[in-house]
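A.B. asks: All chains, full assembly: derive it from the sequences and hints.
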Amino acid sequence: ETGVTQTPRHLVMGMTNKKSLKCEQHLGHNAMYWYKQSAKKPLELMFVYNFKEQTENNSVPSRFSPECPNSSHLFLHLHTLQPEDSALYLCASSKDFQENEKLFFGSGTQLSVL
Amino acid sequence: AQKITQTQPGMFVQEKEAVTLDCTYDTSDPSYGLFWYKQPSSGEMIFLIYQGSYDQQNATEGRYSLNFQKARKSANLVISASQLGDSAMYFCAMRPKGYSTLTFGKGTMLLVSP
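Chains R and A, in that order, give the protein sequences. Each residue of the first sequence is one higher than the one before, starting from 1 at the first, in my numbering. Each residue of the second sequence is one higher than the one before, starting from 115 at the first, in my numbering.
The set of hints was computed from the structure by calculation and includes no laboratory data. Quick caveat, the model's predicted, so the values are computed rather than measured. Where hints are given, some of them may not hold.
Said to hold, decoys possible - Residues on chain A that point at chain R, a partial pick, calculated with CB under 10 angstroms:
#1 Phe149
#2 Gln171
#3 Arg209
#4 Lys211
#5 Gly219
#6 Leu225
#7 Ser227
Don't be surprised by glycine CBs; every beta carbon is placed ideally from N, CA and C.
C.D. replies: Printed below as a string of structure tokens:
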């Protein structure tokens, strides 16, 4: 139990569907992150939130829309995705942005876009 | 820009032996943190060990130790007495001071055989 819970664990969607990924952390952290992990590539940062405010958008296409209603919850809304968006989407949280603060990760959502 | 290089796509080790996973990094920031994470097939990223750039001693956490050579910009992970459960992907990551997130390497797949 890492304190970061992601749902669903697996998701299959068509290119015209709309779906949402959910992340919840029970660690009292202030920062939350979305990462994308594709096969044979390093983890790619997508979005960063600090105290519910988005602090970083790593040039992510608009078909990915994040939402952070409070410091404990983070969503990633998906619409009109492409097959190349198939990947493992990892949510993480940290106490703050100090260089010694580790990220706590969820188990991820394995997304397949058909 | 930060860069993490892990040159070993895969490593094999026998149970109970020690193994070293290589990591080199590139940054112009004088203050930074280095992290190692383990990712088993379940997908969750598990924090293993942390080394600060100004730490005088190499970090150790149980069977994990970090061979930190600042002048060479290397931060190799040493796993002693390998166990079958150590089979996983291992990622090296870095966060300079003032940055909101971690930059990850491509990872090394470790397979431990009986």
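A.B. asks: All the hints need checking, so say for each whether the structure fits it.
C.D. replies: Here's how the hints hold up against the structure:
no., hint, verdict
1, Phe149, "holds (6 angstroms)"
2, Gln171, "violated (15 angstroms)"
3, Arg209, "holds (5 angstroms)"
4, Lys211, "holds (5 angstroms)"
5, Gly219, "holds (6 angstroms)"
6, Leu225, "violated (17 angstroms)"
7, Ser227, "violated (23 angstroms)"
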